[in-house]
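**Student:** Listed below are the residues making up each chain.
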Amino acid sequence: DQQVKQNSPSLSVQEGRISILNCDYTNSMFDYFLWYKKYPAEGPTFLISISSIKDKNEDGRFTVFLNKSAKHLSLHIVPSQPGDSAVYFCAGRSYNTDKLIFGTGTRLQVFP
Amino acid sequence: NAGVMQNPRHLVRRRGQEARLRCSPMKGHSHVYWYRQLPEEGLKFMVYLQKENIIDESGMPKERFSAEFPKEGPSILRIQQVVRGDSAAYFCASSRGLAGVGPSYNEQFFGPGTRLTVL
Chain A
489 DQQVKQNSPS LSVQEGRISI LNCDYTNSMF DYFLWYKKYP AEGPTFLISI
539 SSIKDKNEDG RFTVFLNKSA KHLSLHIVPS QPGDSAVYFC AGRSYNTDKL
589 IFGTGTRLQV FP
Chain B
1009 NAGVMQNPRH LVRRRGQEAR LRCSPMKGHS HVYWYRQLPE EGLKFMVYLQ
1059 KENIIDESGM PKERFSAEFP KEGPSILRIQ QVVRGDSAAY FCASSRGLAG
1109 VGPSYNEQFF GPGTRLTVL
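Protein chains in written order, with this note's numbering: chain A, 489 to 600; chain B, 1009 to 1127.
Just so you know, these hints were derived from the structure itself, not from any lab. Incorrect hints may appear among the rest.
[Said to hold, decoys possible] In the BS3-like style, the derived pairs of lysine-lysine whose C-alpha atoms are separated by at most 25 Å in a straight line are:
| id | chain 1 | residue 1 | chain 2 | residue 2 |
| --- | --- | --- | --- | --- |
| 1 | A | K556 | B | K1052 |
| 2 | A | K587 | B | K1059 |
| 3 | B | K1035 | A | K525 |
Generate coordinates for the entire structure from the input sequences, incorporating the hints supplied.
**Tutor:** See below:
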């Protein structure tokens, strides 16, 4: 039962361009969505989040968009930088529990 | 270092042995979560604990796996009689655990993980 799906296992973007990472979910009980970034041999680090009552949240170069009717969210990184190369995980949290349900991740590579 | 600490970072066990993974939460955090990441997969929730209390263990395998978070000391994830399929990265996260106050209060901070290899 894959409640959170990241259908693109990898994405390659040129430096300076926009990176768009997508995430779909099926669980209507999610009230909060998060994006985590992960480098090899390290733990995930929190990047940005969005509450289900909002449709956009912006933090510097990172913006997350939420489309509740489509059960879809996306992370936009602009401009992309080589240091952004990592695996990005989308996660959802149900309102009645603190556990996070993660997608399988998208590996972003930003090349010069 | 005020972050989540996990040790050991790497652990090698032979089939049938026991594995003990430790997690010290961030200062001020009273809730601990364990996640497992199998190769080429996302992180899967295992268990959520408060001091001396298991809140949610819906992701724990029914046999051989147990977790505790004693009043003093780190949280321990224990795997008895390990099998090759237990080889994975095990991540611990901690939070303030003030559910209901607001999502930002429940932000989970992750440790660097323990990579378990079963020979």
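**Student:** Which earlier hints turn out false for this structure, listed by number in ascending order?
**Tutor:** none
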